[in-house]
Amino acid sequence: MWIWLHRLGSPPYFYRFAGRLLPWLWTACLICLAVGLYWGLVVAPPDYQQGDSYRIMFIHVPSAWLSLLSYVLMASFSAAALIWRVKVAEVLARSIAPLGASFTFIALVTGSLWGKPMWGAWWVWDARLTSELILLFLYLGFIALASAYDDPRRAARAAGLLAVVGVVNVPIIHFSVQWWNTLHQGSTVIKLGGPSIALSMLLPLLIMVVALHLYLFAALLQRARCELIARERSSRWVNALLPGRGVSDELA
Amino acid sequence: MTPRRKRIVLVGLLLTGVAGAAALALTAFQQNLLYFFSPSQVAAGEAPPDYPFRLGGLVAAETVERESGSLSVRFDVTDGSQTIPVTYTGVLPDLFREGQGVVVHGQLGAGGIFHADQVLAKHDEEYMPPEVKEALQVSDNGAGASRGPMGGAP
Chain E
1 MWIWLHRLGS
11 PPYFYRFAGR
21 LLPWLWTACL
31 ICLAVGLYWG
41 LVVAPPDYQQ
51 GDSYRIMFIH
61 VPSAWLSLLS
71 YVLMASFSAA
81 ALIWRVKVAE
91 VLARSIAPLG
101 ASFTFIALVT
111 GSLWGKPMWG
121 AWWVWDARLT
131 SELILLFLYL
141 GFIALASAYD
151 DPRRAARAAG
161 LLAVVGVVNV
171 PIIHFSVQWW
181 NTLHQGSTVI
191 KLGGPSIALS
201 MLLPLLIMVV
211 ALHLYLFAAL
221 LQRARCELIA
231 RERSSRWVNA
241 LLPGRGVSDE
251 LA
Chain H
1 MTPRRKRIVL
11 VGLLLTGVAG
21 AAALALTAFQ
31 QNLLYFFSPS
41 QVAAGEAPPD
51 YPFRLGGLVA
61 AETVERESGS
71 LSVRFDVTDG
81 SQTIPVTYTG
91 VLPDLFREGQ
101 GVVVHGQLGA
111 GGIFHADQVL
121 AKHDEEYMPP
131 EVKEALQVSD
141 NGAGASRGPM
151 GGAP
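Top line first, the protein sequences correspond to chains E and H.
First residue of the first sequence: 1, per our numbering; consecutive thereafter.
First residue of the second sequence: 1, per our numbering; consecutive thereafter.
These are computed hints drawn from the structure, not numbers from a lab.
Accuracy of the hints is not assured; some may be wrong.
Calculated lysine to any residue pairs in the SDA-like style (CA-CA distance at most 25 Å, straight line) [to be verified]:
no.	chain 1	residue 1	chain 2	residue 2
1	E	K116	E	F137
2	H	K6	H	A25
3	E	K87	E	F17
4	H	K6	E	R85
5	E	K191	E	R223
6	E	K87	H	L15
7	E	K87	E	I197
8	E	K116	H	D94
9	H	K6	E	A158
10	H	K133	E	F17
11	E	K87	E	S235
12	E	K191	H	P129
13	H	K133	E	P171
14	H	K6	E	S10
15	E	K116	H	H115
16	H	K133	E	Y38
17	E	K191	H	G12
18	H	K133	H	T63
19	H	K133	E	Y48
20	E	K191	H	E126
21	E	K191	H	E131
22	H	K133	E	W114
23	E	K191	H	G101
24	E	K191	E	S131
25	E	K116	H	L33
26	E	K87	H	G12
27	E	K116	H	A60
28	E	K116	H	V64
29	E	K87	E	K191
30	H	K6	E	H6
Quick caveat, the model's predicted, so the values are computed rather than measured.
Using the sequences and the accompanying hints, generate a full structural model.
So this is what it looks like as structure tokens:
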């Protein structure tokens, strides 16, 4: 396990490994996305109170979960980069930030669209919504800081510290609906006594969750590969990719 | 080996420091982070008496009275132990009905009546198809709370 992780830390090995994994991830992601969207938007029954409006959760819930997961991953990559100075970890942290920011943004926007008809307000300053908005600002701060330095290694160190510090916000977001009175409802799927959602709605939701996880990892690896060859453009292994044989399918 | 150890310790210290600070700050602002007060908290005098605040709870069954010819409505908000009467004039959200969670913004007036200027519906975390709900409805407390006022007189 450690040896494998160690090898994954080497840029050329990571580049090849990610390249081999990518087609599988994208295929699985597209299949799950197609099945999940059709099942969720067309086949699943309407809700007894919200009618069809609840279907927005098939996008909202996975995006919100992934906005938290992306942050935890970004902070872990950053911590690994700070401690062990692994270049691949720096690249991964930097590559996941825009993805996490997008998921956060999607969660906020879809939640707002749902909030207007259901709650009667586009936005309220309750603990859940506010902490999720702070998460978006943390992502944007990370991205800004990471591109504020010319030296990528220095940028990774500065932005990495921000990522590690910001990770305290993640449990606050998750538990905000339990710790304080919020307008946002509590957890439906992850709670004591099992999920309080009908199976016919839970299954498409879980498929969408899997689909968007696959999307996150596929997009992350894809972005990390690009970032890696851009950063290592003067190294021998990148130049070895360029002229000779097998290049076209290596980069495809 | 030693500088790496040092960095591990530094990152660890940074995390515990920030987590501790956040925990202290959140405990200090506990009150301000509450989005609403429950009727029991209001009855115990925890809500500010002369300032607007938010009150949250369930709309008590069979208390919703609409004034014909206007958008005025009055209902009781309860949390099981305490009940506070609320008056409101305006359009109610789709999910507003008896037995449903609401958060109302307004001010406590004379006679303990809460004058609301905004009503938000609080959705619970239950999702099910209508058939399942019908099957579950053992004690039907009148599903006829109608689907919102639709604005205007009948």
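Here's how the hints hold up against the structure:
1. E/K116 with E/F137: holds (23 Å)
2. H/K6 with H/A25: Not OK: H/K6 and H/A25 at ~28 Å, beyond 25 Å, violated.
3. E/K87 with E/F17: holds (16 Å)
4. H/K6 with E/R85: Within the cut-off at roughly 13 Å; holds.
5. E/K191 with E/R223: The given pair, whose Cα atoms are some 34 Å apart, is violated under the 25 Å limit.
6. E/K87 with H/L15: holds (22 Å)
7. E/K87 with E/I197: Roughly 43 Å separates the two Cα atoms, so the pair is violated.
8. E/K116 with H/D94: holds (10 Å)
9. H/K6 with E/A158: Holds, because 17 Å separates the two Cα atoms, which is no more than 25 Å.
10. H/K133 with E/F17: The hint is violated at about 50 Å.
11. E/K87 with E/S235: Cα-Cα ~13 Å, so holds.
12. E/K191 with H/P129: holds (20 Å)
13. H/K133 with E/P171: Roughly 33 Å separates the two Cα atoms, so the pair is violated.
14. H/K6 with E/S10: Holds, at roughly 23 Å.
15. E/K116 with H/H115: With Cα atoms ~22 Å apart, E/K116 and H/H115 stay inside 25 Å; holds.
16. H/K133 with E/Y38: Measuring from Cα to Cα gives roughly 24 Å; hence the hint holds.
17. E/K191 with H/G12: Roughly 30 Å separates the two Cα atoms, so the pair is violated.
18. H/K133 with H/T63: Distance of about 23 Å is within 25 Å: holds.
19. H/K133 with E/Y48: holds (7 Å)
20. E/K191 with H/E126: holds (12 Å)
21. E/K191 with H/E131: Cα-Cα ~24 Å, so holds.
22. H/K133 with E/W114: The given pair, whose Cα atoms are some 22 Å apart, holds under the 25 Å limit.
23. E/K191 with H/G101: This hinted pair holds, its Cα atoms lying about 20 Å apart.
24. E/K191 with E/S131: The hint holds at about 20 Å.
25. E/K116 with H/L33: holds (22 Å)
26. E/K87 with H/G12: Between E/K87 and H/G12 the Cα gap is close to 21 Å, so the pair holds against 25 Å.
27. E/K116 with H/A60: holds (23 Å)
28. E/K116 with H/V64: Between E/K116 and H/V64 the Cα gap is close to 22 Å, so the pair holds against 25 Å.
29. E/K87 with E/K191: violated (38 Å)
30. H/K6 with E/H6: Since the Cα atoms of H/K6 and E/H6 sit roughly 20 Å apart, the hinted pair holds (cutoff 25 Å).
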